[in-house]
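Asker: Each chain is listed here by its residues.
Number of protein chains: 2
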Amino acid sequence: MADEAPFQFLHHELIQYIYKTAENGEAENGRNITKLENMGFRVGQGLMERLTKETARFKDELDVMKFICKDFWTCVFKKQIDNLRTNHQGIYVLQDNKYRLLSQLSAGKQYLDLAPKYLAFTCGLVRGALSNLGVKSIVTAEVSIMPACKFQVMIQKM
Amino acid sequence: MADEAPFQFLHHELIQYIYKTAENGEAENGRNITKLENMGFRVGQGLMERLTKETARFKDELDVMKFICKDFWTCVFKKQIDNLRTNHQGIYVLQDNKYRLLSQLSAGKQYLDLAPKYLAFTCGLVRGALSNLGVKSIVTAEVSIMPACKFQVMIQKM
Chain A
0 MADEAPFQFL HHELIQYIYK TAENGEAENG RNITKLENMG FRVGQGLMER
50 LTKETARFKD ELDVMKFICK DFWTCVFKKQ IDNLRTNHQG IYVLQDNKYR
100 LLSQLSAGKQ YLDLAPKYLA FTCGLVRGAL SNLGVKSIVT AEVSIMPACK
150 FQVMIQKM
Chain B
0 MADEAPFQFL HHELIQYIYK TAENGEAENG RNITKLENMG FRVGQGLMER
50 LTKETARFKD ELDVMKFICK DFWTCVFKKQ IDNLRTNHQG IYVLQDNKYR
100 LLSQLSAGKQ YLDLAPKYLA FTCGLVRGAL SNLGVKSIVT AEVSIMPACK
150 FQVMIQKM
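In order, the protein sequences belong to chains A and B.
According to numbering that gives the first Met the number 0, the first sequence is numbered sequentially starting from 0.
According to numbering that gives the first Met the number 0, the second sequence is numbered sequentially starting from 0.
Just chain A, same shape as in the assembly (with noise of 0.2 Å):
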């Protein structure tokens, strides 16, 4: 019923809390963007590094988006991604329809300007659940009509 509601409210407070303390200092809005975006990193690695304590060694890159576009986001966002698309060649679209993190703000264009505070965690939540695979990867992340919302994942070959 509301089991993704502890951590969308926590969520919303810590975006809260980075934003209100940066205004006292160091006013970028980038700054604060990188800020959530390297604690969805550690997030991203922890979660990722207890999910695969016991699943069997991944076949190939497709089997580990499939696997973030499923277990890990039904672990995290109680759904799972509703679109993945690559063009085979690093670069794959996760699209979910209705991405829990902006369904507390109102559809429309109004709000389409507060929607990068609420991607930015998740985009470093994706990057540090690849890296703990061993995969470096540049999430990227954007919204046409809320809650709907686009992940672009680029795989940096090594």
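It should be emphasised that the hints constitute simulated quantities derived from the structure, not laboratory data.
Treat the hints loosely; a few may be bogus.
For identical chains, the list gives no copy identity; a pair is met inside one copy or between any two copies.
What the hints assert, rightly or not - When the alpha-carbon atoms are kept at most 20 Å apart in a straight line, the in silico EDC-like pairs for lysine to aspartate or glutamate are as follows: (1) Lys-52 x Glu-3; (2) Lys-78 x Glu-141; (3) Lys-52 x Asp-2; (4) Lys-58 x Glu-141; (5) Lys-116 x Glu-48; (6) Lys-58 x Asp-112; (7) Lys-108 x Asp-2; (8) Lys-156 x Glu-3; (9) Lys-58 x Asp-81; (10) Lys-58 x Asp-2; (11) Lys-78 x Asp-59; (12) Lys-19 x Glu-36; (13) Lys-149 x Glu-36; (14) Lys-58 x Glu-48; (15) Lys-116 x Glu-36; (16) Lys-19 x Glu-141; (17) Lys-52 x Asp-81; (18) Lys-65 x Asp-81; (19) Lys-78 x Glu-3; (20) Lys-19 x Asp-112; (21) Lys-156 x Asp-62; (22) Lys-135 x Asp-112; (23) Lys-77 x Asp-2; (24) Lys-77 x Glu-60; (25) Lys-108 x Asp-70; (26) Lys-69 x Asp-2.
Chain A is fixed; fit chain B onto it per the hints.
Answerer: Frame of chain A; chain B shown alone:
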């Protein structure tokens, strides 16, 4: 399986962040505890609002406390409070034998000093949950043997 993990990791990051940022200035431990407590309070309020949206009205104070021990605790920590005691005069003791936010620390006395910062948020959580139902309280916590933990709730009569 790892249902409470995202919340647990995020909570840990929050503590780290608050303590790290405090090093550059406000050095006192007390202020950090208060910050965590306040964040817990707001999360508790929000959660309780959502959890009671469709429940019947509570009979009395004890009924409220039972709801906190069962539904509320399960929502946040994926387990119930193990033991609830009261003196029937506004004091309640909630005992959790395996408090999830401490379960990542080693048991034993070695890390007992660290316990308060892992308790503050939850004290606020309970206080906020009660406050949402119009019950004013003071909530404190103590740990004797980790990860067991007791929360004492003192109801403030108006």
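Asker: Now look at each hint and say whether the structure bears it out.
Answerer: Results for each hint:
no.	hint	result
1	Lys-52 x Glu-3	between (22 Å within a copy, 16 Å between copies)
2	Lys-78 x Glu-141	within (19 Å within a copy, 36 Å between copies)
3	Lys-52 x Asp-2	between (23 Å within a copy, 14 Å between copies)
4	Lys-58 x Glu-141	neither (29 Å within a copy, 47 Å between copies)
5	Lys-116 x Glu-48	neither (26 Å within a copy, 24 Å between copies)
6	Lys-58 x Asp-112	neither (39 Å within a copy, 44 Å between copies)
7	Lys-108 x Asp-2	neither (28 Å within a copy, 33 Å between copies)
8	Lys-156 x Glu-3	neither (34 Å within a copy, 33 Å between copies)
9	Lys-58 x Asp-81	neither (22 Å within a copy, 43 Å between copies)
10	Lys-58 x Asp-2	neither (31 Å within a copy, 25 Å between copies)
11	Lys-78 x Asp-59	neither (23 Å within a copy, 36 Å between copies)
12	Lys-19 x Glu-36	both (17 Å within a copy, 16 Å between copies)
13	Lys-149 x Glu-36	within (16 Å within a copy, 34 Å between copies)
14	Lys-58 x Glu-48	within (17 Å within a copy, 45 Å between copies)
15	Lys-116 x Glu-36	within (9 Å within a copy, 23 Å between copies)
16	Lys-19 x Glu-141	neither (24 Å within a copy, 30 Å between copies)
17	Lys-52 x Asp-81	neither (25 Å within a copy, 28 Å between copies)
18	Lys-65 x Asp-81	within (11 Å within a copy, 38 Å between copies)
19	Lys-78 x Glu-3	both (10 Å within a copy, 15 Å between copies)
20	Lys-19 x Asp-112	within (17 Å within a copy, 29 Å between copies)
21	Lys-156 x Asp-62	within (17 Å within a copy, 58 Å between copies)
22	Lys-135 x Asp-112	neither (29 Å within a copy, 37 Å between copies)
23	Lys-77 x Asp-2	both (7 Å within a copy, 9 Å between copies)
24	Lys-77 x Glu-60	neither (23 Å within a copy, 32 Å between copies)
25	Lys-108 x Asp-70	neither (31 Å within a copy, 36 Å between copies)
26	Lys-69 x Asp-2	both (17 Å within a copy, 14 Å between copies)
Checked against the numbered hints given earlier, the structure breaks hints 4, 5, 6, 7, 8, 9, 10, 11, 16, 17, 22, 24 and 25 and satisfies all the rest.
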